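In case you want the letters, here they are:
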Amino acid sequence: MRDNPILRVTAKILFAPIIVFGLYVQFHGDYSPGGGFQAGVIIAAAFILHALIFGLEAGRRLVPGWVNLAMLAGGVIVYGGVGVAGMMLDGLFLDYNVLSYDASKGQHYGIILVEFGVGLTVTGVMLALFHAFAGFAEAHYKPSSGSKGGTSGEDGS
Amino acid sequence: MTVLVENWNYLVVICLMMGGLFIVISQNNLVKKLVGLAIFQTSVFLFYISVGKIAGGTAPILKETGDLLYSNPLPHVLILTAIVVGVATTALGLALVLRINAAFGSIEDDEVLAMKAEDGEPRGRRDDDAEDRT
Amino acid sequence: MTLAQIIANLPALVVAIPLLLAPVAALLPYAGLTWALAVAGTGGALFCAVMLMGATAGGKSFSYALGSWPPPWGIEFVVDPVSAFTVLVMAALAFVATLFARTALLAEIAEADAGKAYSAWLLACGGLSGLVMTGDAFNLFVFLEISALSSVILIALGAGKDRRALIAGYNYLVIGAVGATFYVIGVGFIYAVTGSLNMADLAERIPQVPQTTVVMVGFGFMMAGLLVKAAIFPVHVWLPAAYAFAPSAVSALLAAIATKASLYVIARVMFGMFAGVPDLAGFAAEFILVPLALAGIFLGTILAIYENDIKKLLAFSSVAQIGYIALGFGLASTAGLAAGFIHIGNHALIKGGLFLAVGCYAVALGSRVNLGGMAGLGRRMPITTTAFLVCGLSLIGLPLTAGFISKLYLVRALLEADMIAVLLLVMASSALSVVYLWKIVEVLWQKAEGEAAVTEQPALYMPLWIVAIANIWFGIAPAPLVDGAQRAAMYLAGGL
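Residue numbers (the working numbering), protein chains in the order written: chain A, 1 to 157; chain B, 158 to 291; chain C, 292 to 787.
Because the hints were derived from the structure by calculation, they are not lab data. Here the structure is a predicted model, which means the values were calculated and not measured. Here a beta-carbon is modelled for each residue, glycine too, at the ideal position from N, C-alpha and C. Wrong hints could be hidden among the right ones.
Subject to a maximum C-alpha distance of 25 Å in a straight line, what follows is the list of computed DSS-like cross-link-like pairs (lysine-lysine) [to be verified]:
1. K452/C / K407/C
2. K220/B / K105/A
3. K273/B / K452/C
4. K220/B / K210/B
5. K273/B / K189/B
Quick partial rundown of chain A residues pointing at chain B, CB under 10 Å, derived from the structure [stated by the list, open to error]:
6. G35
7. V63
8. V125
9. A132
10. F133
11. A137
12. H140
Take the sequences, apply the hints, and build the full model.
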């Protein structure tokens with residue numbers, strides 16, 4: 001697909017605005033429809049569009065495997081970290097009130113951090129799913145192992 | 158008749174739910190089963206959200222003046238969670254289907270079942286003593 | 292974190308410690324390090340569970356509001372004799388299975404997968420603990436799905452050895468997802484008529500609801516979903532294949548703790564949430580739970596007699612034992628509930644021990660353990676086989692073992708409820724279970740062709756012997772387990 005000029009140019013032009021829109025959705029989660037899940041999917045869509053047009057290797061160069069795994073796990077650790085921070089500041093688990101001197105400011109910080117963690121994980125998951133599914137054929141069906149998944153009649157059985 | 162028209166959202170939910178469940182049970186293809194499961198789960202989401210809507214209600218945002226009739230925001234939050242769970246289930250199911258295809262060469266339930274049964278009978282390759290089968 | 296903070300946050304920590312160590316384990320590629328993380332996770336959860344059991348000693352109960360949002364607006368974790376007892380049983384068995392997994396899991400999966408396997412392991416343990424601790428109906432669904440999805444991953448890991456594990460995982464995924472969605476439909480109906488999701492709040496509101504049909508439908512859907520997860524006949528069909536083809540350590544973990552959590556939830560929903568409508572709960576107990584439990588007991592025992600693959604045999608036996616627990620709950624009396632909870636504790640020990648022993652055999656043989664391949668193993672692996680025998684005798688209910696205590700209390704509860712026909716059926720099924728145990732014992736001590744002696748690794752038989760000794764301990768001195776279960780039953784039946 002990278003030979004088609006329309007697709008290539010469109011993907012290049014659209015990549016950044018999709019991510020900006022995703023960030024907009026992320027930070028507006030507490031005022032309007034949005035939040036971590038939706039933003040994560042939108043941002044992942046930008047990377048998936050890039051990988052669709054320019055190929056899986058280009059996509060993997062952009063977001064290497066270990067970065068993907070770190071995003072996945074890091075988001076959960078951020079979420080859990082906010083919960084543990086609440087406990088360490090003499091509150092309960094996932095208590096946002098103690099995160100700041102003012103309870104409402106604490107709620108604000110808590111929600112932003114938690115949604116950031118969720119967005120990070122969802123982005124990582126969507127990207128990892130795409131690469132796992134799209135790259136499955138190469139990883140599992142090695143061309144050297146003969147009749148894997150084929151209906152070969154050559155061996156005479 | 159008016160009962161049916163007034164509660165048309167429940168009708169839609171029931172049709173989708175039963176359709177999805179039927180697809181899960183009746184289809185042989187493993188991917189189609191997952192599609193049926195997704196339809197089944199979607200019907201549940203529609204059920205929650207349609208129940209949460211109040212006629213004449215607006216968005217649940219606090220206004221300075223006056224009384225406010227708002228639709229319940231809690232079902233939406235529950236359904237967001239349930240949608241994510243559904244996505245994870247579908248993704249895991251599809252990953253398993255890919256591995257089943259790689260291991261068995263087919264994603265039709267009856268063919269896979271036949272191959273599974275072959276796996277279960279040793280066909281003389283293992284040293285099962287046939288006389289010892291109680 | 293100071294000790295005071297830990298003590299104040301125990302209910303959350305028993306769930307949070309495994310869940311938060313899971314992503315860390317996913318990041319690390321070293322098998323030994325991730326195993327250590329898994330031990331730390333399950334060990335920490337065990338520590339918290341022991342402290343929680345002590346905190347509920349006098350029948351005390353308290354609630355822990357997540358995020359400082361007071362119930363019923365926020366999600367709460369309930370700590371009362373029922374949940375403390377169940378979470379202690381589950382945390383203890385999870386810890387022992389994790390110790391066993393060090394050698395057993397690596398023998399059956401690729402070493403590169405170990406990090407992610409232990410991550411799924413911790414997610415399963417944390418999710419099942421959360422299932423027991425939560426006091427919110429929808430939060431229960433979330434934990435139900437966390438534990439189900441991570442269990443599917445663990446089961447499908449057995450594909451390295453036997454590709455049928457993939458089918459078993461897929462079937463468990465689809466059937467489990469349908470069950471969980473049924474549960475959500477039920478919660479939706481109940482929420483629509485009461486407006487609350489908190490279990491304690493629902494217990495007060497449900498009797499006041501004028502739309503009794505909706506309550507009945509909601510209850511029906513919730514129970515249908517929970518029956519699927521608890522593997523009660525006829526929706527138990529996912530369990531035999533799932534336990535048979537999973538890696539040995541995973542079978543031990545799931546057999547010991549996975550279905551127990553769903554059975555606990557059934558008891559909670561029937562006698563906690565719907566305590567205010569005793570006709571409904573009583574009808575479900577008498578006309579649904581008891582017949583299905585009896586059918587499961589007989590089906591499980593009879594199918595186990597005809598099965599050759601040892602893990603599948605034990606899985607069918609699990610279906611039967613789950614039937615005993617469901618029968619205890621179905622009696623809807625304090626004695627019945629106590630018998631059910633006692634068997635939750637004892638069956639975790641029995642089945643955990645049996646699957647750990649079969650795991651030892653599987654690792655030693657390097658192949659699937661079926662009746663043909665087990666010939667003469669009794670002589671070659673005496674340490675493992677003795678422990679297997681102890682757990683097997685506990686399964687059939689020999690006096691001085693833990694299984695006898697459960698059977699005793701179940702018989703007492705049946706006599707108290709005057710259900711003599713059911714009592715005779717239970718005795719008959721106990722006699723039948725001797726048949727399949729005898730089949731295994733006979734093969735174990737058979738004369739086989741001279742094979743090389745098998746070395747038994749201490750890393751494998753030490754956790755097994757911990758569980759076997761516990762079987763004997765709780766057969767001779769059952770007081771702690773029985774007291775805990777009876778306190779749980781009295782607390783739950785206080786709403787009856």
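Hints, one by one, checked against the model:
Pair hint K452/C plus K407/C holds up; C-alpha atoms about 18 Å apart against a cutoff of 25 Å. Our distance criterion of 25 Å between C-alpha atoms is met by K220/B and K105/A, whose separation comes to about 20 Å. The suggested pairing of K273/B with K452/C holds, with an alpha-carbon distance near 14 Å, which does not exceed 25 Å. About 19 Å separates the Cα atoms of K220/B and K210/B, which keeps this hinted pair within 25 Å; it holds.
Our distance criterion of 25 Å between C-alpha atoms is met by K273/B and K189/B, whose separation comes to about 20 Å. With 10 Å as the threshold, the beta carbon of G35/A comes within range of chain B, its nearest partner Cβ sitting at about 8 Å, so the hint holds. Here the hint on V63/A is broken, as its CB sits about 18 Å from the closest CB of chain B, past 10 Å. Satisfaction of the interface hint for V125/A is found here, the shortest Cβ-Cβ separation to chain B being roughly 8 Å, below the 10 Å cut-off.
Because the beta carbon of A132/A sits about 7 Å from the nearest beta carbon in chain B, less than 10 Å, this interface hint is met. Residue-level restraint check for F133/A holds (minimum Cβ-Cβ distance to chain B is 7 Å; threshold 10 Å). Interface restraint check: A137/A against chain B, minimum CB-CB distance 9 Å, threshold 10 Å, status holds. Below 10 Å, beta-carbon pairs count as interface contacts, and H140/A has one with chain B at about 5 Å; its hint therefore holds.
Of the hints listed earlier, the one the structure fails to meet is number 7.
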